[in-house]
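With the hints as extra help, turn the sequences into a complete structure.
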Amino acid sequence: MSTKDADQSLITTDVQTGSRDRTDRTHETVVKARNLDVYYGDEQAISGVSMDIPEHEVTAIIGPSGCGKSTFLRSINRMNDQIDVCRVEGDLSFHGKNVYDEDVDPVALRRKVGQVFQKPNPFPKSIYDNVAYGLRIQGKADEVDLDDAVERALRGAALWDEVKDKLDSSGLDLSGGQQQRLCIARAIAPDPEVILMDEPTSALDPVAASKIEDLIDELVEEYTVIIVTHNMQQAARISDQTAVFLTGGELVEFDETATIFEDPDDDRVEDYITGKFG
Amino acid sequence: MARTDYQHQLEQLREDVLEMSALVCQRLRRALEALETKDTALAEGIITGDHEINQLYLDLEQQCIELLALQQPVAGDLRFVAASFKIITDLERIGDLAVNLAEYTKQAERERYSEIDIDYIGTQTVEMVETAMEAYATDDVAATHEIAATDDEVDTLCEGASEVVVRDLLEAETTSIDELTDDALLEDVSRMLLTIRDLERVGDHAVNIAARTLYMVENDDELIY
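Taken in sequence, the protein lines are chains A and B.
Per the working numbering: the first sequence = residues 1 to 278.
Per the working numbering: the second sequence = residues 1001 to 1225.
A few of these clues could be false.
Stated by the list, open to error - According to the in silico footprint, chain B covers these stretches of chain A (three or more CB under 8 Å from chain B):
| # | segment |
| --- | --- |
| 1 | 212-226 |
| 2 | 267-277 |
What the hints assert, rightly or not - So, partial list: chain B residues that the calculated Cβ filter (under 7 Å) puts toward chain A:
| # | residue |
| --- | --- |
| 3 | Ala1075 |
| 4 | Gly1076 |
| 5 | Asp1077 |
| 6 | Arg1167 |
Hints in this document: simulated from the structure, not taken from any laboratory.
Built from N, CA and C at the ideal position, the CB exists for glycine as well.
Here it is, written out as structure tokens:
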């Protein structure tokens, strides 16, 4: 997808149909931050963050509580817009288009940049309707084969085989791990490019968490995954590169995950990941 | 400092590895002494005491496995545990080589090759191991490179010593007296070549320890291969 096309996709309210070209496996930068500052009122949550996030890779963001990692994640799809006192300065672009430009439609942006939250939060609807919801509110329901889209999303979330015979059952009847995969299916149904995950396994048991980790490994074939996690071993297991935020919202180090966990440059990162502070 | 129990376990591992190395070096020095003085009683003690080194090795291996499994060390801590895991294997092998030297002491019945200073070569290799372990204890990167250089000198000494033995064998072939004498000569030649080879291997293990120490301190694998 060219930068021009991507820019247009954020601005237009028209719904684009059909899948994007996934044969292109170049790891171009999809999200770029330059000197990004985020404030909640007078308090600075993100301080001068610059980083390039490549597409079709898993980027993990780790750091102690209150370091701004979730704020950074929510800045990417402008979820912070809903917080009145939140103010963003600097540049945060998606395919070269600053997502905070006035002509960017946040709803169109979130279509491209989906999100999965810490606690599974399926709607009190059927499994089918949970997944179809996003397509319906985007007006896609008339344009695509909804049954096919729901099945594709559920297969993509590795949930289809477990729910194909009970699509009319409530999403709330599923186990915690299944609910989270349902939320992932809901997130990928509108065919986003980027999936933001904010501690997606912290409320799950190890087996359910393991399934989500396996799923992330599959998702990255088609999507770009940016995951905030408190579980450093999880970051080490599943990510291609890791960003370490420390107190004050500063991005201290961003490198290949193997480098971060074997030989980080910054002593503060070494101290944090080895548990000497934090 | 957070994770105090974990930090204590790391420090304990370092102390225990150093304790194992002290025991191994002591055994190696005694083996060289036994070889030099033909003290078969001392040699016997080294052979029967090898199980202590083996047990230490197994205990330390378990310590490393538990640290990896339960504490999941990363970065410098991970390199320390990984290096220690490898180093204890080298130490255990050096212990085995000390046993070999003790065995040769028991087998030797004659003085031959007085021109080969086995004690000097042996002392060089023990000092290499001790220096390597000192580097491990103090994160001394410069020392790791010095050990690699010393190993080249030891290799040269061993090569020269082997040549002396082989030359002696070739000369003996031309002046063979009887079968009994020939057998004795071959035994002596074999034993001396094995002694030289084993000491050269002690030096190689010292280099391995230095290489792992360099990796541990600086994530540098220059000396590993």
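Handout entry: Violated hints - listed by number, lowest first
Key = Per hint list: 1 and 6 violated.
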